[in-house]
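One-letter residues, chain by chain:
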Amino acid sequence: MASPLKLRTLEPERVRSLEWQAEGTTMADIVAQLSRMSAKLAHGDAGDDEHPHPRNCVMNMVALVDGDQVARKVGSIMADLAAHHPSRSIILYQHSPDLEQKIDAGIRCDAHTLVDGAPVQHEQVTLHVQGAALEHIRSLVEPLLTPDVRTHLWWTGTPPLSDPAMHQALDLCDTLVVDSAAFERPFDSLLALARLADSVSSQIGIADLHWARIHTWREVLAQFFEPPSRRGFLHGINGVGIDYAGEGRGNRVAAGLLAGWLSSTLGWRLKQAAAGRGGVVAAYLEAPAGHPVEVAFRSVRSEGQPEGEVLGLRIDSVANRQTASVAIELDPSREGSAVMRFTVGPDETVSQRLPIGASEEADLLIHLLVQGRRDPVFLRSLRAAADLLQAAR
Amino acid sequence: MTEAATAPNPLAEGLHEYRTASPAVMVIFGATGDLSNRKLLPSLYNLAKQRLLPPGFALVGAAIDDLSADEFRKRTSASVRDHSRTQPVDDGVLESFLSSVDYLPIDFSKPEGFQALKQRLDALDHERGAGGNALYYCATPPTTYATIAQGLAAAGMARRDDQGRRRIVVEKPFGTDLKSATELNLVLQRTFGEDAIFRIDHYLGKETVQNILAFRFANAIFEPIWSSHYVDSVQITVAEELGVEHRAAYYEKAGALRDIVQNHALQLLTLVAMEPPVAFDAVAVRDEKVKVLRSVRPFHEDEVARATVRGQYAEGWVLGEQVAGYRQEPGVAADSQTETFAALRLRVDNWRWAHTPFYLRTGKRLPKRVTEIRVQFKRPPHLTFGREATRDLEPNAITLRIQPEEGISLRFGAKVPTAGIRIRSVNMDFLYMSSFLLDAPDAYERLIMDALLGDPTLFTRADEVETAWRLIDPIETAWRQGKPPVQTYAAGTWGPEAADKLLEGEDREWHRP
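Here the protein sequences line up with chains P and L, keeping their order.
Residues in the first sequence are numbered from 299 upward in steps of one, following this note's numbering.
Residues in the second sequence are numbered from -2 upward in steps of one, following this note's numbering.
Chain P extracted, bound-state conformation (with noise of 0.2 Å):
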């Protein structure tokens, strides 16, 4: 994605905050002290004679947790995220609904002014929830929720994606948000994800942060065929290789859903596919022009790249009775570049250094909402690549 959509930096001594946390309280208390605290913010911003200074808020943020670290570490991927998107995060730890009924909850409110000037206000509320009330998400999330302005749900780890839960949290949401690279089983989830995505109401969006990560690869795929002279070897792919980091089988999702972009965008139909030891999976298709089309993906020992991250991809190409043939390597001695080759017809190789590669999650997140609801394009990739990789199986 564009590097324009990189997080600004927040600077510690032009925050103003305030805090509040209890333990054993209700949810009328917690929604009553988020109301005080975000007035109080807005006062103390303006002088005397001023009227509160408003404060823009762009959406609701609701994240679903269920461990410490990770509760950690979304916690701070919101508060990064204000710097970019103003507005309400909700954490909801989900502890076991076995237990009695309790919710504990922290709020904190922080007034950020940035050095140009601009305000903007981030209200986190951290909820612990143990009891019946986790499976009422929506009777906890919606009376925090900041009206009128998008809520997108975060499910971190694996989410019950068949589940009826998930469904009543859906109705809370604009957007689900997942992680397939997190998921524990991929390839059932993965599924699953793809039966959701065509179950539920088209005004919801689905969307996968291991998707953007792949959206570099995309969008250098298709600079390269942008040219007209080269659109005529589109459509005369004849081989895809795809590289992933993994040992085995792995986590295959990124690599299917490369390949089910492709599929599915150029209008390749499956023929038939196999899987082999090592995590290679060799797929035979058959383009709209009759010619077949070998797709491949392979696991690829890598010590620098987190399990499933596309490490390479390798296009041949014929059209016109010329040749063409698109490499693109992640560089492991440099993080974050990427040395792409082409030779097209009789000219002489190109090699080009290009920045590409692993985002932080809240980059990802970023590029996710930005992109807007709904996302055509990775539905049906996803439709795709579940295809694709059942027919392997």
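These are computed hints drawn from the structure, not numbers from a lab.
In this text the structure is predicted, and so the values were computed from the model without any measurement.
There may be inaccurate statements among the hints.
From chain P, some residues computed to sit far from chain L (all C-beta separations above 10 Å) [what the hints assert, rightly or not]: (1) 331; (2) 430; (3) 527; (4) 654.
Chain P regions said to be covered by chain L (calculated; three or more residues, Cβ under 8 Å) [claimed, not checked]: (5) 476 to 486; (6) 514 to 522; (7) 631 to 640.
We put the beta carbon where it would ideally sit given N, CA and C, even for glycine.
We have chain P; now place chain L onto it with these hints.
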């Protein structure tokens, strides 16, 4: 060309902010100059960082200085490190960008220089697979534009009929009057063709200037009141706190009228006054802008003295520092008549704006740097709450702030919380940066990218330039005859008293930005 080649790229679907150009070799003439150093080279680096430069892109710096390619790459590196909007600089990206940079010393007045450039470009084109695409950027004094265009054409590097594969970018000012602008247009059009000429007014590359169009045409609630039925007057202010700095040689000849009014201020006027274009494309947007300029009532010579004000700053205090007057600046004549302040009252004679005056003012050494458009509405037809209760109530106004605090402000009346009824004006502010907390791209990034893509929507068309000069020329002629005389104003004030009187005569006053 096959159908597949001209169809939209299917892989681009759904890619956020996807814009990519065909491979091209870009040549910057005047590559060792200030514009190149501060703006163009850092912008190209930032485009590379965003992966917006096409694969196979190459840059050739061309200037009179006798440098090697390595020396120019070192300068480019320093320029990026000093002036890039994104910091810290990404060494990998910079290294990759520098590997596409070359340099050629050139004397624009000699044909052999262009022949050498052609050989270099041909070699690069073959090596990088640029397909014959070239973008020539004139970061040189305006007097060289015609020479460069003719030199390129004579060397076979420009053709009118090559479907825009070879483009030329020129910076404002486009001529110094209608005659010189027409002559320059003719030279450029004979050598490149209008579709391949990109006249940059960098104001149009600013996000907030483009936001004027979004504000007006993406919202249904403003357009119905955007006419003389509801709008009392429009004020456009382009103020600088700086003096003439090191530009005295240029500024003495140009003055505020040519430097700012002819381009930036009139561009803002067209955006605020234009009819909704059918689409946001080069033909529709620029057609509507030209219609506005054609609707502006031309000045007769005797009218200039009544409807315009020109001023020159004397010594004074700006931002807490004492500053010299214009005539004391280095390089400025002691008896200079050049205006550093201009104010105009314009009438837009069309259905929408008849009877709504447009006031433009621009100046150097004003209290602060600010560019804004203020749309002042008429008072309510009846004072429901009585004169006393609304004593402090000013008319509604919408202010579009272009810089520095980009945003939109709406002024309306609200009841003061007391026992009785008293209405006071309050402001509702939208700060662009507090809703979109992005580091917006520099205007040059946007415009270079548009030029590489061949999208001229945000560039000025020949007829636009000429229509603007047609408005400015009679004013310039009258001013040269001392009508009205130059009035001085103390640096750090909002211009000469005559500027206030220009509005007071119509029972209005300048808004204090």
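Here is how each hint holds up against the structure:
no.: 1; hint: 331; in the structure: holds, 25 Å
no.: 2; hint: 430; in the structure: holds, 39 Å
no.: 3; hint: 527; in the structure: violated, 6 Å
no.: 4; hint: 654; in the structure: violated, 8 Å
no.: 5; hint: 476 to 486; in the structure: violated (count 0)
no.: 6; hint: 514 to 522; in the structure: holds (count 8)
no.: 7; hint: 631 to 640; in the structure: holds (count 5)
The structure is inconsistent with the numbered hints 3, 4, 5, although it conforms to all the rest.
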